[in-house]
Structure formats: structure tokens, C-alpha cells
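Novice: So you can see what is in the structure, the chains are spelled out below.
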Amino acid sequence: MELSGARILVEGLKREGVEYIFGVNGGAAMPIFDALYDETEVKLIPMRHEQGASHAADGYARATGKVGVALATSGPGATNLVTGIATAYMDSIPMVAITGQVFTHWIGSDAFQECDVIGVTRPICKHSYLIKSCDEIADVTAEAFHIARTGKPGPVIIDIAKDAQKNETLFKYPETVDIRSYKPQVHGDPTQIAKAAALIKEAKKPMLYAGGGVVLANASEELRELTLKTQIPITVTLMGLGAFPETHPLAMEMPGMHGSCCANYAFTDADLVIAIGARFDDRVTGDLDKFAPNAKKIHIDIDASCIGKNVPVDVPIVGDAKNILTELNKQVDTTDIDPWRNQIQEWKQKYPFEYEQKANKVMPQYVIEQIYEHYSDAIVIADVGQHQMWAAQYFKFTEPRQWLNSGGLGTMGFSLPAAIGAQLGCPDKTVVNINGDGSYIMTIQELVPAITMKLPLKIFIINNMYLGMVRQWQELFHDKRYSAVDYHDNPDFALLAQAFGATGLRVEHPEDVEPALLKAKGINDGPVVIDFIVAEEENVFPMVPAGEGLGDVIRGLS
Amino acid sequence: MSKEERHIFSVLVENRFGVLARVAGLFSGRGFNIDSLNVAETHDKSISHMTLVTHGDAQIIEQIYQHLNRLIDVIEVKDLTTAGTHVERELVLIKVATDDPQKRTEILQVAEVFRGRVIDMKPASLVLEITGDEGKLKAAIDIFNTYGILELSRTGKVAMMRGATK
Numbered sequence: 001m002e003l004s005g006a007r008i009l010v011e012g013l014k015r016e017g018v019e020y021i022f023g024v025n026g027g028a029a030m031p032i033f034d035a036l037y038d039e040t041e042v043k044l045i046p047m048r049h050e051q052g053a054s055h056a057a058d059g060y061a062r063a064t065g066k067v068g069v070a071l072a073t074s075g076p077g078a079t080n081l082v083t084g085i086a087t088a089y090m091d092s093i094p095m096v097a098i099t100g101q102v103f104t105h106w107i108g109s110d111a112f113q114e115c116d117v118i119g120v121t122r123p124i125c126k127h128s129y130l131i132k133s134c135d136e137i138a139d140v141t142a143e144a145f146h147i148a149r150t151g152k153p154g155p156v157i158i159d160i161a162k163d164a165q166k167n168e169t170l171f172k173y174p175e176t177v178d179i180r181s182y183k184p185q186v187h188g189d190p191t192q193i194a195k196a197a198a199l200i201k202e203a204k205k206p207m208l209y210a211g212g213g214v215v216l217a218n219a220s221e222e223l224r225e226l227t228l229k230t231q232i233p234i235t236v237t238l239m240g241l242g243a244f245p246e247t248h249p250l251a252m253e254m255p256g257m258h259g260s261c262c263a264n265y266a267f268t269d270a271d272l273v274i275a276i277g278a279r280f281d282d283r284v285t286g287d288l289d290k291f292a293p294n295a296k297k298i299h300i301d302i303d304a305s306c307i308g309k310n311v312p313v314d315v316p317i318v319g320d321a322k323n324i325l326t327e328l329n330k331q332v333d334t335t336d337i338d339p340w341r342n343q344i345q346e347w348k349q350k351y352p353f354e355y356e357q358k359a360n361k362v363m364p365q366y367v368i369e370q371i372y373e374h375y376s377d378a379i380v381i382a383d384v385g386q387h388q389m390w391a392a393q394y395f396k397f398t399e400p401r402q403w404l405n406s407g408g409l410g411t412m413g414f415s416l417p418a419a420i421g422a423q424l425g426c427p428d429k430t431v432v433n434i435n436g437d438g439s440y441i442m443t444i445q446e447l448v449p450a451i452t453m454k455l456p457l458k459i460f461i462i463n464n465m466y467l468g469m470v471r472q473w474q475e476l477f478h479d480k481r482y483s484a485v486d487y488h489d490n491p492d493f494a495l496l497a498q499a500f501g502a503t504g505l506r507v508e509h510p511e512d513v514e515p516a517l518l519k520a521k522g523i524n525d526g527p528v529v530i531d532f533i534v535a536e537e538e539n540v541f542p543m544v545p546a547g548e549g550l551g552d553v554i555r556g557l558s
Numbered sequence: 001m002s003k004e005e006r007h008i009f010s011v012l013v014e015n016r017f018g019v020l021a022r023v024a025g026l027f028s029g030r031g032f033n034i035d036s037l038n039v040a041e042t043h044d045k046s047i048s049h050m051t052l053v054t055h056g057d058a059q060i061i062e063q064i065y066q067h068l069n070r071l072i073d074v075i076e077v078k079d080l081t082t083a084g085t086h087v088e089r090e091l092v093l094i095k096v097a098t099d100d101p102q103k104r105t106e107i108l109q110v111a112e113v114f115r116g117r118v119i120d121m122k123p124a125s126l127v128l129e130i131t132g133d134e135g136k137l138k139a140a141i142d143i144f145n146t147y148g149i150l151e152l153s154r155t156g157k158v159a160m161m162r163g164a165t166k
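Chains as they are written, first to last, in the working numbering: chain A, 1 to 558; chain B, 1 to 166.
Isolated chain A (complex conformation) (with noise of 0.2 Å):
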């Protein structure tokens, strides 16, 4: 039977398990659109705006693991997919985002909304097709899937000319995906696994290092299975937050910048580092000449151009890390360093995250810790910047999948979208979107499908009236000149989620805070917005300044 460029795609779709796809509409993708119209299997989330559409995607794609699909018209729609796609690469996150494009015989004529997306894109993406004819979309659409969802996962772009959306042709779906330059190596070499399981054995201070890697690829099982065996202490990245429980004795909790004193010390003080899923970012290494001036390094990743990119390995090891675990697994065992334990406890005891309670003020430590009460169960959604750094502190996760957050890029108004994405991905489940106030506006008009779909979505704004963090390094580092980071203009947030449609309550007396949250609750029928007003100025610590060396961490209280 002949269909259409834009229902092949769609048949498609449905044939790679998709469910949901989020979209703005517009004159270069309308074919496709109409094709989604009236679909029941592919059910189309119409959003107010296109970065909201490929952030919703992405968070759907983080919360269960399966690709998030985009879909936005050519030109202006399709660079304002970039930040979300740009969002997803750095993560690592599966995601199709299709675009229209002008017909093939404007291509290349300026037309009206036309821009060569592939170009854009090209640095962002894993992959890109361009689409001229409907003969290719088949293809193209299995070929995009595999590519988005196998090996290291990332987002995939498939840009389709209108005609080719309109014209018709047989409707032949591949069977299986053989991309001959395209082979993901999953399994670990045996004789890396071996040298790994040895130096473990000999390590008097070995520490895991586990990131998103461990999450993307499920194999957070296996990580618990490795991290109990040899009762080895373990640090997870913001990435990987939920990987290993929070509240297990051997987390030492997130390294890094804002990480844990005892995640940091101990890698200035390990003679193994076993990095899995991790990148070795500056943002947990710091000072790559002090980080782990005395360890040995073993590297499990699925990318090897990661592997020795920052710092020098002496293990690495190519593969699944859930494949390359399970085998290593097999070769562990309980090791016998008692004075290293010993000593993280003693750090760990030391210098936990706190915080200093001012009179009467919120403390937005104290909102995270309630939310963490309260909530403790909950999918958690974070935007970037000082609320992001508290809520990974000061909530315990316990699960993969269940804190998203947009750590490679730091994209401010990643967080409502994605909250949308992962509420649809996983309806049985309570999605908190912790926010600040500066990135909450960022992307506020998406409010407006959460209310449509009744979502009921608790939006938990740390308000402080200023872009927080980088206030804070103006603190620190620029003389307190507080260039454009004042925001005590915002509106009222309560009052407009209410303009809204939403329930919008708003917090400004620390004995206020748990009734709220006991509030929000039981609202159910649609988003929550309370709006926490806390103190201005506090500050994120610990903190290792940019440049500095793990072990040079300022811990704040004295």
C-alpha cells in the first residue's frame, strides 16, 4: 500500500514503541502533524514552545530510559529544538528530533523559514539525516532509532523536506538495523577486566567513581552488586545520582565543586580510582594536576575517545558497563581495607552537608531537606544553578532515574519540560520539579500543557530574587558587583501560576514550609506551584573554587 512521507514516519513511530512526541506546529512539518491527528497509538503533546518540546522529550527519555521524541517545523522552530538538543547530547540522552524542511526545490534559496539544520546541528548531535524523498523516511526513521538508543546513547536528527512528507510510496518497514560503520563495542576485554579485578585486589584505598554511564546503562544492579562485594567506598556524580543509595555507610555522596568534603578528600588521598560511566569532567576533577595525584585509574566506558581525554588511565576498559560489571563481578572480592573505610568514616562524620539556620528566614536547604521528607519517593527534576547543588546535597536518592537533571550543559529551563516528559513517562509515580526563580521563568509558559493535561506536577520554586549562583560567584570572586543577577523584579509566582490555571501558593516563614508541602500532596487534579521565598544570600558549600584542587575545598561553616 502507498502512504505518505509523513504517515510512514509516523507507522514508524509505532513500530520503535514510541508513546509520546512532543511538538510545536508550523507550516514545513504540518504534513506530519496531520498525520498525528488522529492517532491513539503516538499520541501527540502539543507545547508552547519548541525548546519546551525537546527538553519534554528528553525528560521522558531520562525517567524511563526508552528515546524522547521532538517534532517541530523548519527555520525558528527547529533552532529553538537546539538548546534541548544541545541539552541531551552533552547527557547523553536518547532522543529522535524530527524537523520539517522547506521543499527540496527551495533548499539552499533562503526560502521562507528555512536553515540548514543539519548545520546547526552537526556539533550536538550523535547523527543527522536529511530527508528529500519519502522512499528514505522508512530507513532513515529504524536507522535514527537504533543509532539514538545503542552504544553511547545521544540525540538523533531527521530533517524532512515537505514534499517528501506529501508524497506517497510502499510502505516497507526494515525488519532489523545493519549499519556497517556503525558497530558499538558492548563487551569488555577479558584481559582489561582481569587487570581491573587485579589492582582491586591490591588497593589499600580504592574508591568508585560511578556516573551517568552506570544509569544509561542500567546497571546500577551490577554497581551495587561490586560496590557490596568488596564493600569499597563509592562516589556518584550529579549525573549519576540514585546509581548507589544515598543513605547506604559506604556513599561518601557527590564529588566535586559542590560536592562532599569526604567524596573529594578521598580522591586526593586514593591509590585507585575506579571511574564507571564517568567522564572525569572539570567539575569533579578540579585541578587536574592535584586530582588523584597518588591513584591508579580504571576507566569502564562505553566511549573511548572519554577515556584518557582529561586524565591519564591506567585501565581502560571499552564497553557496556553492564556487561563489563557483571564480569568483573565475578572476579571480586571483599577487600581488606579497614583503616581506608576507617577514615572515610571518620570524614564522612566530619563534614557533612550543612547549613546555618538564620532567624526567621527560610533556609532553602531547610525546603530541600522538607521536600526530601515529604517526597522521598518522588521523580526529582532539578533546574541549574544553586537550588540544582542543594537538592542534590540535601536529597537522598536511593534510585536510577529518579533525580534528572541537565548537568553537561547546565540548561537553565530544562526542568519544567522535562518534568512534563517524565510525569507522561511515568504516571504512577510523584514528579517534584525543584526550580529557582530565575530559570522557572525560563520556561514558564509550559505551565500551560501541564494544566492542560492535568499533570499533577509539584513545581517547588527556591526563590532568593537573584540568578543565585552566579550571584555567588560575584560574592566570591568579582567584589560582590552584582551585575544582572538581580531579580527582585520577578512576579509573583504564586498569583501567576494562578493566572494560569494552577495552584499557586506562596511560602515565606520557615513554619510555613511542611504545611505547604503537605498541601501540595493532595492536590492532584494539576500542577502545584508554591513559591518558596528564602534567604537572598546564602551561599552553596562546600566549594572548590574553578582551578583549584579537590583537596583546596572551602567548607563554609567553620
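Don't take every hint at face value.
[Said to hold, decoys possible] Computed list of lysine-lysine pairs in BS3-like fashion (alpha-carbon distance at most 27 Å, straight line):
(1) Lys322(A) / Lys396(A)
(2) Lys172(A) / Lys45(B)
(3) Lys45(B) / Lys309(A)
(4) Lys136(B) / Lys132(A)
(5) Lys45(B) / Lys95(B)
(6) Lys290(A) / Lys3(B)
(7) Lys183(A) / Lys136(B)
Calculated directly from the structure, the hints in this document are not laboratory data.
Fit chain B to the known structure of chain A by using the hints.
Specialist: What follows is chain B alone, placed relative to chain A:
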């Protein structure tokens, strides 16, 4: 920082729209250098062969290798500099001014030394084709420079492994 080395990569890629831009973008986006790049279809029309000359320290060369491999359209990457012995050639077209007949004879004699071929001759200029490795081409260009080069175009290096390996 370890010392910088020149490396020749042989890269097989899908003969497809946009592949060159992906390779070039990888270099520009990460601040790697391309000294020369040659790309053309192979005997299999679906595959193009790129010969890419670059330089950097060992860590950068390793990164280049890994990032080339990471591109979806790249079928195979070989670092010819480390993979074993290889052959490399480059072709240059040199247009030399020959306004004076005496000079023309001299130029033709020099061309002979470099086993150059004359592929165009006009009253005031001629075009020579010279093939060779980098040292030979450099020597030729240096000499012809003394006669006045009007135009020069080189292919960039093409290279492959010696022996029966693919």
C-alpha cells in the same frame, strides 16, 4: 605536554552527503589541526577514502583517532604513521612563468630532474605535474619559486598501507 608529531590517517567513510563537513567539523570544533585532507570515491562507489594529515601530541592524536571512529559515517580509521609501513604520494600542479625562451628551456630541464610532466604550454607559461613525497615536492617548489610560480595547486597527501592488508 609531550612532543608534537605528524600523523597520517587513512579513513574510509560512507560516500554520502555531509560526511566531509562532519569530519572537518570534528577538527574545527575541538581545535585539532588539519594539515592536508584528500577525499574521493573509491572503486566501491558507496565508499570514499580520506587521507588526512594532522599533527599534535600523543594525547591529541589518540583523541583524533577516537573521535573519527565515533562518527557514524566513518567505516574504518587507520593511523598509518603507527600501523606499519605505508606509501604516500602527493601530486602538485605548478604554473610557472616562461616569458623568456631561455628560461623555458631551463625550467624544462629542472622539471626533468623531478620527473615532472608538462601538461600545458602557452607562450608565457607552462603547467607542470609533479608527483612524489613531501620532501621531493618541497624541493621542486623551492626551485620553481626562483623562476616565478604563477599558480600552485596540490592534492594533499594520499596514502595506504604496504602489503596485502586492506
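Novice: Hint by hint, say whether it matches the structure.
Specialist: Structure-based check of all given hints:
1. Lys322(A) / Lys396(A): Holds, at roughly 24 Å.
2. Lys172(A) / Lys45(B): holds (25 Å)
3. Lys45(B) / Lys309(A): With Cα atoms ~35 Å apart, lysine 45(B) and lysine 309(A) exceed 27 Å; violated.
4. Lys136(B) / Lys132(A): violated (46 Å)
5. Lys45(B) / Lys95(B): Measuring from Cα to Cα gives roughly 32 Å; hence the hint is violated.
6. Lys290(A) / Lys3(B): Distance ~22 Å between lysine 290(A) and lysine 3(B) Cα, so the pair holds.
7. Lys183(A) / Lys136(B): violated (40 Å)
In terms of the numbered hints stated before, the structure departs from hints 3, 4, 5 and 7, listed from lowest to highest.
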